[in-house]
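**Q** Residue numbers (the numbering used here), protein chains in the order written: chain A, 296 to 413; chain B, 134 to 287.
These are computed hints drawn from the structure, not numbers from a lab.
Be careful, since some hints might not be right.
In silico DSSO-like cross-links for lysine-lysine, where the CA-CA straight-line distance does not exceed 30 Å [claimed, not checked]:
1. Lys255(B) with Lys183(B)
2. Lys370(A) with Lys348(A)
3. Lys348(A) with Lys255(B)
4. Lys287(B) with Lys371(A)
5. Lys371(A) with Lys348(A)
6. Lys287(B) with Lys385(A)
7. Lys371(A) with Lys255(B)
8. Lys371(A) with Lys183(B)
9. Lys301(A) with Lys255(B)
10. Lys370(A) with Lys183(B)
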Amino acid sequence: MSDACKVSVERRGEVAVLWTDGYINNQGGEEIARESYRQLESGARALVMNLEKTRIVNSIGISILIEVLERVMDKKGVLAFCNLTPTIDKTFRIMGLAQYASIYPTEEEAFQAVSARV
Amino acid sequence: MAHRKTAPPTPQATGSRDISLTIPVAPEMEIVATAQAAALGEHIGMSRDKIDEVKLALVEACINAFEHAHTRDERLHLTFRVGREEDGADWLEVEVFDQGQGFDHLRLEPPTPEQTFQGKRKRGWGLQIIRSLMDGVQISSGDWGTRIVMRKYK
């Protein structure tokens, strides 16, 4: 469908910034996971996920994001989210994602925070 | 779980207006359904953030049914209602009905973040998300299927 999630990425040193655009379900989550793992394998130590253009993340998508977070934590890396809608923010907190990953209002704040930790 | 031969009648809300939609059990059909919820939410002047909450609750109800209901007709029957309480409070209600095998929601153990992160159980959050996002949730289920009615006030 036309609302399938698109993922783009920019590498800034040891930090990879990913932008999502569209619905994050199992397919969208897997696309994010593929790109995240590619970045981690090529030396990124921190990921910033900017969800500004995503308004729905379903529980399957979040479960895949949790797997990404676990992989990042295994590698002693850092994962931060930014530009979440209130509904996505609330859902991340319900499922506990916010306990293990940081959430920032803006990409700049997220980037600065993770850069200071890698 | 209460077993019935046929589904119990839908509780009728006084003065409500209904729109019905049937969607096939197929990938991403839940997103088609959210467009209807959004249109009705906008119609009653609901905020975009509240509409997003209704949309996600509807998505979760649909994907639960897609994955677990094993519907006899391979369809989900959705009804969208808007109405107003006597005190003037407007609401949007979404009903998701499937003719599947039913389940006992009272015996489902809610997941926890600790189980999700430390173990293999990363799924099973649908009902918890629905209950957290909506103002009222009624679930009835039996061997006739499952009906979830979710209400959000403007």
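**Q** Taking the hints in turn, state whether each one holds.
**A** Going through the hints against the structure:
1. Lys255(B) with Lys183(B): 26 Å, holds
2. Lys370(A) with Lys348(A): Answer holds: lysine 370(A) to lysine 348(A) is near 28 Å, not above 30 Å.
3. Lys348(A) with Lys255(B): Given pair lysine 348(A), lysine 255(B) holds - Cα atoms ~25 Å apart, limit 30 Å.
4. Lys287(B) with Lys371(A): It is violated: about 44 Å lies between the C-alpha atoms, which goes past 30 Å.
5. Lys371(A) with Lys348(A): Since the Cα atoms of lysine 371(A) and lysine 348(A) sit roughly 28 Å apart, the hinted pair holds (cutoff 30 Å).
6. Lys287(B) with Lys385(A): Distance ~18 Å between lysine 287(B) and lysine 385(A) Cα, so the pair holds.
7. Lys371(A) with Lys255(B): 21 Å, holds
8. Lys371(A) with Lys183(B): 37 Å, violated
9. Lys301(A) with Lys255(B): Measuring from Cα to Cα gives roughly 24 Å; hence the hint holds.
10. Lys370(A) with Lys183(B): Violated - the C-alpha atoms of lysine 183(B) and lysine 370(A) are around 37 Å apart, more than 30 Å.
Consistency with the previously given hints fails for numbers 4, 8 and 10, ordered from lowest to highest.
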